[in-house]
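Trainee: Residue strings, one per chain:
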Amino acid sequence: MVIRLFRRKDEGDKKIKIPEGMWIKCDACLEIIYKPEVERNLNVCPKCNYHFRIPAMERIRAVTDEGTFQEFGEDLESVDMLTFTDTKKYTDRLKEAKKKTGRKEAVVTGAASINGIDAVLAVLDFEFLGGSMGCVVGEKIAAAAETAKELSRPLIVFSASGGARMQEGTLSLMQMAKTSAALARLSDAGIPFVSVLTDPTTGGVAASFAMLGDIIISEPGALIGFAGPRVIEQTIKQKLPEGFQRAEFLLEHGMIDIIVERTRLKATLTQILRYLTGSGDR
Amino acid sequence: MILQYLDFEKPIIDLESRLEQLRRVDDGTDKNLREEVAKLDKKIGKIRKEIFSNLTRWQITQLARHPNRPYMLDYVNHCFKNFLEIHGDRAFRDDPPVICGFAELEGERVVVIGQQKGRNTNEKIHRNFGMANPEGYRKALRVMKLAEKFRLPVVTFIDTPGAFPGIGAEERGQSEAIARNLLEMSHLKTPIVVAVIGEGGSGGALAIGVGDEILMMEYAIYSVISPEGCASILWRDTARAETAAEMMKITAPDLKKFGVVDRIVQEPLGGAHRDHKAAADALKVALVETLSALRHLSRQQLLDRRYAKFRDIGLIKRKAGGNG
Ligand SMILES: [Zn+2]
Numbered sequence: 009m010v011i012r013l014f015r016r017k018d019e020g021d022k023k024i025k026i027p028e029g030m031w032i033k034c035d036a037c038l039e040i041i042y043k044p045e046v047e048r049n050l051n052v053c054p055k056c057n058y059h060f061r062i063p064a065m066e067r068i069r070a071v072t073d074e075g076t077f078q079e080f081g082e083d084l085e086s087v088d089m090l091t092f093t094d095t096k097k098y099t100d101r102l103k104e105a106k107k108k109t110g111r112k113e114a115v116v117t118g119a120a121s122i123n124g125i126d127a128v129l130a131v132l133d134f135e136f137l138g139g140s141m142g143c144v145v146g147e148k149i150a151a152a153a154e155t156a157k158e159l160s161r162p163l164i165v166f167s168a169s170g171g172a173r174m175q176e177g178t179l180s181l182m183q184m185a186k187t188s189a190a191l192a193r194l195s196d197a198g199i200p201f202v203s204v205l206t207d208p209t210t211g212g213v214a215a216s217f218a219m220l221g222d223i224i225i226s227e228p229g230a231l232i233g234f235a236g237p238r239v240i241e242q243t244i245k246q247k248l249p250e251g252f253q254r255a256e257f258l259l260e261h262g263m264i265d266i267i268v269e270r271t272r273l274k275a276t277l278t279q280i281l282r283y284l285t286g287s288g289d290r
Numbered sequence: 002m003i004l005q006y007l008d009f010e011k012p013i014i015d016l017e018s019r020l021e022q023l024r025r026v027d028d029g030t031d032k033n034l035r036e037e038v039a040k041l042d043k044k045i046g047k048i049r050k051e052i053f054s055n056l057t058r059w060q061i062t063q064l065a066r067h068p069n070r071p072y073m074l075d076y077v078n079h080c081f082k083n084f085l086e087i088h089g090d091r092a093f094r095d096d097p098p099v100i101c102g103f104a105e106l107e108g109e110r111v112v113v114i115g116q117q118k119g120r121n122t123n124e125k126i127h128r129n130f131g132m133a134n135p136e137g138y139r140k141a142l143r144v145m146k147l148a149e150k151f152r153l154p155v156v157t158f159i160d161t162p163g164a165f166p167g168i169g170a171e172e173r174g175q176s177e178a179i180a181r182n183l184l185e186m187s188h189l190k191t192p193i194v195v196a197v198i199g200e201g202g203s204g205g206a207l208a209i210g211v212g213d214e215i216l217m218m219e220y221a222i223y224s225v226i227s228p229e230g231c232a233s234i235l236w237r238d239t240a241r242a243e244t245a246a247e248m249m250k251i252t253a254p255d256l257k258k259f260g261v262v263d264r265i266v267q268e269p270l271g272g273a274h275r276d277h278k279a280a281a282d283a284l285k286v287a288l289v290e291t292l293s294a295l296r297h298l299s300r301q302q303l304l305d306r307r308y309a310k311f312r313d314i315g316l317i318k319r320k321a322g323g324n325g
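In order, the protein sequence lines correspond to chains A and B. Last residue of the first sequence: 290 in this note's numbering, with the numbers rising by one and none dropped. Last residue of the second sequence: 325 in this note's numbering, with the numbers rising by one and none dropped.
Take these hints with a grain of salt, some might be off.
Have a look at the derived ranges for each label pair, beta carbon to beta carbon [to be verified]:
#1 B/Glu105 <-> A/Ile244: 37 to 43 Å
#2 A/Lys106 <-> B/Asp238: 24 to 30 Å
#3 A/Glu85 <-> B/Leu41: 52 to 58 Å
#4 A/Lys96 <-> B/Leu41: 48 to 54 Å
#5 A/Lys96 <-> B/Asp27: 57 to 63 Å
#6 B/Asn55 <-> A/Glu85: 31 to 37 Å
#7 A/Gln78 <-> B/Asp238: 43 to 49 Å
#8 B/Pro68 <-> A/Thr95: 30 to 36 Å
#9 A/Pro249 <-> B/Asn55: 45 to 51 Å
#10 A/Leu248 <-> B/Pro68: 28 to 34 Å
#11 B/Ile126 <-> A/Trp31: 51 to 57 Å
#12 B/Ile168 <-> A/Glu47: 35 to 41 Å
Worth flagging that the hints you see were computed from the coordinates, not collected in a lab. Ideal Cβ placement from N, Cα and C applies to all residues, glycine included.
With these hints in hand, go ahead and build the complete structure from the sequences.
Mentor: Given below as structure tokens:
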């Protein structure tokens with residue numbers, strides 16, 4: 009697994025590319041760290057505990073039992089219904105994202121077991137157009153919720169997204185309603201939904217399925233919010249306080265249940281699922 | 002109310018003031034003057050029609066934000082009787098950009114919920130320019146639950162640049178408040194009719210926009226992000242807002258085509274701001290018809306229909322033989 013995206017905590021979304029070698033520089037503490045060690049540590053910096061952004065498949069490997077993941081709807085692809093062009097054509101942006109990630113869209117969904125508990129998973133991939141939610145992401149999340157309901161299995165969604173996908177216009181806005189409606193049905197059926205927020209979870213994804221978990225977990229330091237920090241600063245014309253919109257800030261304000269380090273995530277998910285479904289030992 | 006006008010409305014406004022001058026001196030004795038008045042009147046009609054049948058999406062955006070455009074309370078006062086406003090989210094405070102209450106529509110009791118921009122500076126500040134805080138959305142949800150409990154249909158009016166992006170809004174969970182409304186509205190056991198009357202700004206608009214039928218005024222807009230916001234992110238230049246408005250296709254006919262909107266409500270010629278009463282009458286007809294049609298559905302039919310409606314919105318490519 010190659011780490012491609014680096015981000016310094018104090019520099020927003022600025023990306024720094026470092027030659028792929030055995031040694032890499034941590035985004036957060038700027039220490040030179042040994043790559044195999046970081047990878048063994050699930051891409052968490054062994055020096056400062058910074059949680060690197062990771063691709064969807066890596067996330068799935070980190071929390072599921074080996075060989076149990078079965079993907080749903082991997083062939084679904086986006087349509088350029090608006091013939092949208094900004095500085096690039098949307099169709100070209102999609103092509104590039106597919107090439108970069110080897111995936112067809114910004115979410116991976118499927119069934120898997122977690123320490124023997126069967127679950128349905130949806131994992132957003134920030135590397136694919138910033139994890140933005142267009143019609144395919146909306147469809148796959150809603151379908152995952154429906155499948156979880158049919159199979160009576162808990163749903164776990166890992167978010168990593170800048171929000172709705174502008175290139176699909178108002179149709180992408182409507183995916184917020186679609187995913188939330190599917191979660192309402194899941195909730196009415198009494199099936200657990202655990203939402204895991206990772207860096208970053210903002211905009212239309214935060215303002216729909218991500219904040220609707222029966223239990224909401226976040227990784228340490230993740231940026232979570234409705235409006236982006238830049239938009240807020242421009243609106244209120246003042247500097248934002250240190251740590252604003254970070255996971256710790258949300259915990260303090262009562263917006264999330266628990267902050268869990270990546271290396272503890274599988275164990276914590278297992279415990280939560282056992283409490284909510286009544287299966288196995290707590 | 003002082004009539005303000007947009008650049009592209011100027012030719013019409015100029016001719017109208019000329020017409021008014023002529024009419025003032027016309028005492029009915031001068032035949033030539035009378036003919037000139039009639040001619041000018043016809044010309045105005047022709048020019049107005051020309052301008053309004055070729056509006057760009059950016060011009061429609063400006064109409065949707067027109068300072069004289071009817072706001073939620075104008076529609077409530079024209080279409081409904083005995084409006085009784087109720088306040089507060091029972092947790093933090095009352096949020097003035099969101100207005101909730103009971104009203105009568107053609108003798109039927111309904112709950113109305115909407116976003117209100119301010120007309121003058123004081124009102125604008127009081128209403129926070131129509132940008133709600135989490136407590137506004139939570140107030141709306143509280144009142145929707147009342148509607149469900151007492152079996153009253155809900156009518157919502159969307160008119161907001163977006164949810165307020167502020168420190169307090171984030172602290173109190175703006176994203177959770179919006180998300181919660183989406184979920185709860187999707188299975189609220191009473192009819193919900195949504196009217197997009199002006200600016201449908203993103204998640205902050207949708208947070209009162211999940212319903213059984215979505216009506217949209219002819220010159221309203223409804224978008225995932227404001228054209229300015231889109232331009233600033235994709236082009237890094239807010240001056241490209243006009244292009245962004247074109248690209249995102251945010252007008253009523255666009256959204257009808259994509260299945261986001263069910264019915265377009267025609268505005269009076271020249272736009273709703275030129276004749277509030279005519280605009281309200283048109284919306285009232287649509288609301289009455291829509292609500293009476295929904296009344297025939299059972300609760301289960303209503304909820305299944307609402308679910309299917311939002312479940313189906315969107316365009317994707319499914320590979321033949323794929324398991325999507
Ligand atoms: Zn570090």
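Trainee: Could you run down the list of hints and mark each one as holding or not?
Mentor: For each hint, the structure was consulted:
At about 40 Å, the CB distance of B/Glu105 to A/Ile244 agrees with the hint of 37 to 43 Å. For A/Lys106 and B/Asp238, the hinted distance range of 24 to 30 Å is satisfied, since their beta carbons lie about 28 Å from each other. Separation of A/Glu85 from B/Leu41 is about 57 Å and conforms to the stated range, judged on CB atoms against 52 to 58 Å. Hint check: A/Lys96 to B/Leu41, Cβ distance near 50 Å, so the stated range 48 to 54 Å holds.
For A/Lys96 and B/Asp27, the hinted distance range of 57 to 63 Å is satisfied, since their beta carbons lie about 60 Å from each other. B/Asn55 and A/Glu85 have their C-beta atoms about 36 Å apart, which keeps the hinted 31 to 37 Å range intact. Between A/Gln78 and B/Asp238 the C-beta distance comes to about 45 Å, which sits within the given range of 43 to 49 Å. In this structure the hint that B/Pro68 and A/Thr95 lie 30 to 36 Å apart at CB holds, the actual value being about 33 Å.
Checked against the hint of 45 to 51 Å, the pair A/Pro249 and B/Asn55 passes, with Cβ atoms roughly 49 Å apart. Checked against the given bound of 28 to 34 Å, the beta carbons of A/Leu248 and B/Pro68, roughly 32 Å apart, stay inside it. The hinted window of 51 to 57 Å between B/Ile126 and A/Trp31 holds, with their beta carbons roughly 56 Å apart. Judged by the Cβ atoms, the range 35 to 41 Å given for B/Ile168 and A/Glu47 holds: they are separated by roughly 38 Å.
The structure meets every hint from the earlier list without exception.
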